[in-house]
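Enquirer: Here the protein sequences line up with chains A and B, keeping their order.
The numbers in the first sequence follow the working numbering, run straight up by one, and end at 119.
The numbers in the second sequence follow the working numbering, run straight up by one, and end at 256.
Incorrect hints may have been included.
The calculated lysine to any residue pairs, modelled on SDA-like cross-linking and capped at a C-alpha distance of 20 angstroms, are [to be verified]:
#1 A:19 x B:230
#2 A:94 x B:181
#3 B:204 x A:19
#4 A:19 x B:233
Hints were generated in silico from the structure; no laboratory data involved.
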Amino acid sequence: MTENQPEHQTNNLSEDPGKEIDSLLADLWQRHLPTLRERLDLLERTATEAATGTLEESTRAEGQSIAHKLSGNLGMFSHNKAGDLASQIEHILKTPTPETLLLLAGLTRTLREALTNHL
Amino acid sequence: MRRILIIDDEDDIREVAALSLEATAGWEILTANSGAKGIEVAVAQQPDAILMDVMMPEVDGPTTFRHMQQNPAIANIPVLLLTAKVQGVDQRRFAGLGVAAVLFKPFDPLTLADQISEVLGWSKNDHSNQPSSEPTD
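Just chain A, with the same shape it has in the complex (with noise of 0.2 angstroms):
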């Protein structure tokens, strides 16, 4: 493939595009499991650091890019509670305050917590 052509190119009109998409994110949730596991690692990690005082910029920055596709991801897989709180950490992390930072745990806490039937 070279620079130039797409990646993908389709057009298929589907008779039952529900079931189809739906077929689609079950599939999708499997395959992105291990990368979600390790997003939420990430900010349980961003978190303890927030917690203690020691949250460097550069992990702020990417708990916030992370927390950020995971609140418009995990609404896309039905799991609106856990996209609604990933929002809120994108919120703190993007405009930090030393209160808002030790909301963390308990965010992340409890978005480990909406998605753990599912990991």
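Chain A is already provided as a structure; the job is to place chain B on it using the hints.
Expert: Just chain B, lined up with the frame of chain A:
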């Protein structure tokens, strides 16, 4: 048939959006996993519209959009930014870029094509791969 370019660094978002638009609207889908690759595909393939993520590594969506605007070959292609829910100040910033619309994740795969069609003023006939049956007088 409409041709849409999806630019997103997240594999799962690209796959779901692509299948969604193929399965529900029958559109031809092109994808790229970065802004730079997206520009190359856009220049070569001339899509009817571009659906692009905001937060991407290296070059983000708004910066990629500005590069597109400076390229006469693709400057007129409507761009829709796709982002997780953001605060009002960011929404206004994205809207102020001059993009056709800002759509939010999580999106409903069954209605994404409708959202895009509505924003771009595309008719229902653009939603299928059947020939248009509009009278021509």
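Enquirer: Does the structure keep residue 94 of chain A and residue 181 of chain B at a Cα separation of 20 angstroms or less?
Expert: 18 angstroms, holds
Enquirer: If you draw a straight line from the CA of residue 204 of chain B to the CA of residue 19 of chain A, is it 20 angstroms or shorter?
Expert: 27 angstroms, violated
Enquirer: Hey, residue 19 of chain A versus residue 230 of chain B, does the alpha-carbon distance stay inside 20 angstroms?
Expert: 14 angstroms, holds
Enquirer: Take the C-alpha atoms of residue 19 of chain A and residue 233 of chain B, compute the straight-line distance between them, and say whether it is at most 20 angstroms.
Expert: 18 angstroms, holds
The structure fails hint 3 only (numbered hints given earlier).
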